[in-house]
Structures are given as structure tokens and as C-alpha cells.
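Trainee: Protein chains in written order, with the working numbering: chain A, 1 to 331; chain B, 1 to 141; chain C, 1 to 297.
Please keep in mind that the hints were generated in silico from the structure rather than gathered at the bench. The C-beta atom is built at its ideal place from N, Cα and C for all residues, glycine as well. Take the hints with a grain of salt, since some may be wrong.
To be verified - Calculated lysine-lysine pairs in the DSSO-like style (CA-CA distance at most 27 Å, straight line):
| # | chain 1 | residue 1 | chain 2 | residue 2 |
| --- | --- | --- | --- | --- |
| 1 | A | Lys29 | C | Lys287 |
| 2 | A | Lys267 | A | Lys14 |
| 3 | B | Lys49 | A | Lys267 |
| 4 | B | Lys49 | A | Lys190 |
| 5 | C | Lys188 | A | Lys190 |
Stated by the list, open to error - Quick look at which bits of chain C chain A covers, simulated, 3 or more residues with Cβ under 8 Å:
| # | segment |
| --- | --- |
| 6 | 102 to 111 |
| 7 | 125 to 134 |
| 8 | 166 to 177 |
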Amino acid sequence: MELVAPAGSLAALKAALEAGADAVYLGLKNATNARNFAGLNFSETDICTGVEHAHALGRKVLFAINTFPQPGRTQEWRNAVDAAHDLGADAVILADPGLMVYAHERYPRMRLHLSVQGSATHADAIELMREQFNIQRVVLPRVLTLQEIERVTRQTQVEIEVFGFGSLCVMAEGRCLLSSFATGDSPNNKGVCSPAHAVRWSEIGGQLDARLNGILIDRYAPGEPAAYPTLCKGRFEVEGRFDHALEEPTSLNALGLLPRLAAMGVKAIKVEGRQRSPAYVAQVIATLRAAINAANLAPARYVVRPDWQASLSRHAEGSQTTQGAFDRPWK
Amino acid sequence: MLKLPKPPALLVSLGRRLPPAFLSLHFTAGLLVARHLNWLLPPAELEGKRFAIDVTDLGLRCLFCCRHGSFRPSWDAQADLELSASAADFFSLLQGEMDADTLFFQRRLKISGDTELGLMVKNWLDATERPAWLRHRYLSD
Amino acid sequence: MEMISSQISLGPLLYYWPRQTTLDFYEQVGRSPVDIVYLGETVCSRRHELRAADWLALAGELRAAGKAVILSSPTLVETSTEVAQIKRLVNQAEFMIEVGEVGAIRSLAGRPFVAGPHLNAYHGATLAWLAGQGAKRFVAPLELSQADLRTLLTERPAGLQAEVMVWGRMPLAFSARCFTARHFHLRKDECGFRCIDYPDGLALRTQEAGDFLAINGIQTQSAQCLDLLEQAGELHGMGVEVLRVSPQSRGTLDAVAALHQWRQGRAALPIPLPAGMRRCNGYWHGKAGIDWLGQEA
Numbered sequence: 001m002e003l004v005a006p007a008g009s010l011a012a013l014k015a016a017l018e019a020g021a022d023a024v025y026l027g028l029k030n031a032t033n034a035r036n037f038a039g040l041n042f043s044e045t046d047i048c049t050g051v052e053h054a055h056a057l058g059r060k061v062l063f064a065i066n067t068f069p070q071p072g073r074t075q076e077w078r079n080a081v082d083a084a085h086d087l088g089a090d091a092v093i094l095a096d097p098g099l100m101v102y103a104h105e106r107y108p109r110m111r112l113h114l115s116v117q118g119s120a121t122h123a124d125a126i127e128l129m130r131e132q133f134n135i136q137r138v139v140l141p142r143v144l145t146l147q148e149i150e151r152v153t154r155q156t157q158v159e160i161e162v163f164g165f166g167s168l169c170v171m172a173e174g175r176c177l178l179s180s181f182a183t184g185d186s187p188n189n190k191g192v193c194s195p196a197h198a199v200r201w202s203e204i205g206g207q208l209d210a211r212l213n214g215i216l217i218d219r220y221a222p223g224e225p226a227a228y229p230t231l232c233k234g235r236f237e238v239e240g241r242f243d244h245a246l247e248e249p250t251s252l253n254a255l256g257l258l259p260r261l262a263a264m265g266v267k268a269i270k271v272e273g274r275q276r277s278p279a280y281v282a283q284v285i286a287t288l289r290a291a292i293n294a295a296n297l298a299p300a301r302y303v304v305r306p307d308w309q310a311s312l313s314r315h316a317e318g319s320q321t322t323q324g325a326f327d328r329p330w331k
Numbered sequence: 001m002l003k004l005p006k007p008p009a010l011l012v013s014l015g016r017r018l019p020p021a022f023l024s025l026h027f028t029a030g031l032l033v034a035r036h037l038n039w040l041l042p043p044a045e046l047e048g049k050r051f052a053i054d055v056t057d058l059g060l061r062c063l064f065c066c067r068h069g070s071f072r073p074s075w076d077a078q079a080d081l082e083l084s085a086s087a088a089d090f091f092s093l094l095q096g097e098m099d100a101d102t103l104f105f106q107r108r109l110k111i112s113g114d115t116e117l118g119l120m121v122k123n124w125l126d127a128t129e130r131p132a133w134l135r136h137r138y139l140s141d
Numbered sequence: 001m002e003m004i005s006s007q008i009s010l011g012p013l014l015y016y017w018p019r020q021t022t023l024d025f026y027e028q029v030g031r032s033p034v035d036i037v038y039l040g041e042t043v044c045s046r047r048h049e050l051r052a053a054d055w056l057a058l059a060g061e062l063r064a065a066g067k068a069v070i071l072s073s074p075t076l077v078e079t080s081t082e083v084a085q086i087k088r089l090v091n092q093a094e095f096m097i098e099v100g101e102v103g104a105i106r107s108l109a110g111r112p113f114v115a116g117p118h119l120n121a122y123h124g125a126t127l128a129w130l131a132g133q134g135a136k137r138f139v140a141p142l143e144l145s146q147a148d149l150r151t152l153l154t155e156r157p158a159g160l161q162a163e164v165m166v167w168g169r170m171p172l173a174f175s176a177r178c179f180t181a182r183h184f185h186l187r188k189d190e191c192g193f194r195c196i197d198y199p200d201g202l203a204l205r206t207q208e209a210g211d212f213l214a215i216n217g218i219q220t221q222s223a224q225c226l227d228l229l230e231q232a233g234e235l236h237g238m239g240v241e242v243l244r245v246s247p248q249s250r251g252t253l254d255a256v257a258a259l260h261q262w263r264q265g266r267a268a269l270p271i272p273l274p275a276g277m278r279r280c281n282g283y284w285h286g287k288a289g290i291d292w293l294g295q296e297a
């Protein structure tokens, strides 16, 4: 299994490769990718350097163009596809069929990956994209169970990539409008979720309030671990009860499932977090590298080492990790 | 993980008695040295912004602003972005050893003011490669 | 006075209403000025007050009442049961399908369909691709502003109709997890069908008691009722052929009646909203979807 690392900067890309990533995914500093955050991401010069660096080590660079071209602005997204091709990226990660038409016709030899934002949740969706655009790989949504992943893997010839660690989207990716409902900006239209410009933190007497465009998303007691004010992970009132009505701020952690994923034929494990620091990337990737090596070497004897778990837990949002939808305790 | 000793009580009380402007002058001098070593080159988005750094365990508060690409002490008590953390946590952030989000989730780093500016600063520091003398080896712990 | 050519559609029922309530509702729909009715369970494959055969029977009755009937396919497809549900829908040739997610397009194999609102058709190239697959109409993404919608309409291929949702709580997100079951500490597979007690969804408020969202099983909706009835004329002028009303427990057919009066050139009547609901239209104005810009009703 390939280990695919996030990179929000050249420093993170180098850290990822140094820690043992097989591939790094990255995006431009604009709305063409789903981590369009202030000060984050790559200039074309940086990508050029990054690609050279990765190729010198025999690793790959995957270029994410995983938002939806907005009306009248198709050219910006096509330019990004051109840049990916010209800068020597090993694959582009796309979500929008209209853009895939362009990439497939203009650069028939370019490798296309279907982004998780493309919301392909079953084999028919994936096979349609293969028949239409010859996609080589699909990133599966975080909502699928292990059983569902296994079935999809059997039913398609497209390579399967799944998330192994990082923040958890409880909603089907690519079809969530909660962020634009609260702020006007969403992953689909601006490449952001719960954008920083709409976030206000205020702490009074140790009580920390997190607001998104004025809407109270969560309120933390003094010393209580905090989380991004991602609105699906806030605490709200439903019928008089105050709770995480949608999802707890947990991180996904598939460390315990690596041999099973490998046995099913899953081709790549992806780490979320282009918005995180090189320190996060280095530590998470080094841990998963060690774990994947162990799983490859002797799958039957594979056990999750406590120090791996500790290293990942340290970086988890909400400071707790879960196997997420993989084992669906709530099903 | 790197641990700084607890600040001696004398230093803490000294920090509280020193005028903020005096501290800010020294702090920005440090930033400027870093800039001259080509290590901290602030991006254009920081231009004209006022920052406050609160080192909670030392009782220090430094105010500075970014003008013409360089850091200067600020005489304005208001800041666009205010960051508070302990000296040890600030130091590990500067080393690139600690992830700002991790510190924030654990309530060890406080951010108030313009959140997007905070994100910009965080991403700028993350993207900045540390010089060898400051760099902590990521994988050593 | 010449009648405006806009058609009025009724979107699929997103809630789980008791069987008789559902049948009574569609009986009234049959007598209403609605032109196009979308039918079927699109949210949760476990819901069974009406089964596939019941929906088909209802479709037949509504067609007999003069309505154009379209069967809507599920929005989030994960299990083999849900895949089978799509195949069943596709295997009948009597009614056109509204596609809820991209996988159903493969099963349709070139047959005509309506591209539903959750297919993310944001620009002309994607509309062209959908039309090439057989789409005859598309429902615009909810988060488009008026300006973006106008641009999108200029990019659409010839012959592809446009439909825009103008009234009802907006479906905003879909999860593998059932939030109604979660609220009752029930497992999804043994949920007790508690969503049947919430004909407009379960209200989710902020800790400051602000209306925010509504929980409808695996679907998360706006707490506010989208209200673009006043924009019907502008939508018509922009070239939108179909205006969609999404069913709520109250006011749905009043909204339909208001649109009908408008297209006949008569003044529209005020619409009663389901208890406690506020309005929103922020997306139209390029703002947060939750916002309401206009007179407080």
C-alpha cells in the first residue's frame, strides 16, 4: 500500500518525503482546491521544486484540483489542469466531470484520480468515471464501512485509496453545504469549510466561545480541549439537550485496520491535513510508514504499537481517535 | 519533547514590572535579527498589521507591527491579532517542533482578534524552513 | 392576460410521514396547480410507510390527474440494498428518473433523466456532460447566487431545462449516520423510525437558542424555509423553466397557489409557514444561505 501525505507548503512536502511518504498531494494558492486557506499551498515555482525533489527520491506528486469550477470561471480550473501537466505532476485529483472531460481530452496520458469530493460512494459511480474518463484511482468517502469498502474494491478495477488518519468528515464529501449556509463559503464554491475569516474566538473568564459568522458553534469550559469551529462538530441544543448533535470532534485513525485494508486490495492510504504544520506531517507520516511496513512484512503478526498510537493521538483533533465509519459503532 | 525550566519567580516579577515598550523593543530586535538572517521574511499580507504576544508564564506582553516588510515595536495597545502561550510552547512553535493546531486544541495557545490573520501567520511560519541552529529534529521524540 | 410559461414542480417528500398523511397530501397535490411531481424516498432506504410498489401506484394516479411524474433516486447510496433500489427504479420504463447521485447515471445507460440538485452542476462543461449522458433538465445547486445562476444559464447546452428550488427547508448535507437515531441513542439499524414523529425534521438550535438546522434522519436541512417566491418573475426572466416547491407539513400548497397566481398575473397571497419557521434567501443574494434579506414577514 502506498502512503499518501498532505502538503500545504514546500517545507511540509520535504518533511513528508523525509518521513517516508510514497506520494504527496498538494494544490495551488486559489479556489481550485479544497484547502484554500490564507497563506497555505503552493506557487507554481514551489511545485516545480517539489516535483523535482520528489522525483529525485523516486516518489510522486499528486495535484489536487478538487473543487467545482464556478459559473463563468471554467478557465481558472483548466489553467490548474494545464499547470499540473506542465509542472510534471504524476496525477491530478479531480472532482468535477466537466473538468475531467477537459483533462481527459487535452491530456489523454495524464493519470486522473477521482477526488473524495467527487462523492463516488459505490461501484457504479466509480465505473462510470472510469468508462468516461479512464480514471485510475478513486478516493473513497469517509462514510463507508470496511465491508462497503471491500465490496467496492471487488466490483471495480479502479485503484482504491482510503483515508487512514486525520480529521473526520461526517457528511458525504462534496455534497455538504453547511459551511456556505452559515458563512457563504463552502468546499464546493470556495475550497473552504468553516473559513477562518468567519471565525471569531472569544474567551471570557476561561470560557471560550467559537463563532462562525456570529453563529455560536461551541462553548468550551475552562481547560476543556477545543476543536476547529467546523459546524458539524459543534455543540447544539436538540429538544432541550445540549450535545454534539451531529458529530464529536474526533479524528479518524485506521492504524488497527491496515492489514485488513491491504488484504482487501486497497492501494493507498491517505492522510488528511494539508492545513497542518510540517511537524504534524512528519510525525504522522513516520508513524504510518512504520505501521504500513510492519503490516506488509508480516500481516498475520501485525499489532498496533502503543508508541504509534500515542504519536497519532497527540495530533488528533479533540484529542481522541476513532476508526470512524470503518466500524460504525452506531450502526 | 523539549522542556524549558519553569521561569524563576524573579524573572516573572521583573517581566511584570518592565514597561511593555521596553520588552517590545527587545522582542522586535530579535525578530529583525531573524529577518536579517533571511529567516523571517513576512509576506505582504502582514503589512500594517499589529500583533500582541503574551508569554503567559513570564507575564510578558510584546506589541509590534509589520511596516515595510520589517518588524517594529508598536506603541498602540490594540492589536489585530493576539497570541498567548507559555514560553516553552512559543519556543517549540518557533522551532517547528510543535503543531499550532495541536497546541490550540489543547488550549495551550490562545488566539484572539482576526482569525484569518492568525491562520496567515501560522501558515507562514509553517512554510518557513528553520535554520539548522533552531531546528528541532522532527522525529527525535 | 397571457399566462407566464413557468412550470411549478413539487420536489420529493424528504420527510417520513405516516402512510395516510402521505396519501392524503398527494391526493391534494393531484387537485393542485402543480405541473410536475417528483416522487419517492430519497433520504433513507429503511423507511417503508410507502414501498416501491406504492410509490409506483401513486405515480400512476398523479399521472391520471394530469401531472408529469418523475421518480427520484436516492441521494446517498452505500449499501447493496440501495444499489438494488436504483436498479428497480431504472428497470421500470414508464416514468423518467431524477438522479440523486452520479452512480444512477450509469444504470440509466443513456436514457433521459433529470439531474437532481446534489449533482454539483456548477458550470457549463458539466451541464454539457450531463446532457450528453441523457439529462433533459437540471436542478441548480442550492448555494448559487442569482448572479452565478444567470451566468450558469448562459453556459447551458441547448435543450437542457433549468429548475430552481424556491420554497421549503433546504437539504444541506447527507451522512452515513442517522442523526435522528443518534439523538435518541438508537442504532441506525434499530432506529424505531423516530423520524416519523417530526413532519418537518427535528429542530437543532445554537446554545443561544438561535434557529440553525433541522435534522431529518441522515439529512441535515436549514431550519429556515427558503423563500424565493418573490423572485419568481426574475427567475422566469433569466430563463428558468421550472420552479420547485419542497414539501413541508404546512404551507406547501399555499406556496404552489401563490406561484400559480403569479403566473396568471394575479397578486400572490401571503404564505403561512410551518410553526415557528423563519425564512431565508441569503444564497440568492450571494450571502450566507441562512440570511434573510427582505421584509420580515
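Trainee: Would you mind marking each hint as holding or not holding in the structure?
Mentor: Verification of the hints:
no.	hint	result
1	Lys29(A) / Lys287(C)	holds, 23 Å
2	Lys267(A) / Lys14(A)	holds, 23 Å
3	Lys49(B) / Lys267(A)	violated, 46 Å
4	Lys49(B) / Lys190(A)	holds, 25 Å
5	Lys188(C) / Lys190(A)	violated, 33 Å
6	102 to 111	holds (count 6)
7	125 to 134	holds (count 6)
8	166 to 177	holds (count 7)
Violated hints, in rising order: 3 and 5; the structure is consistent with all others.
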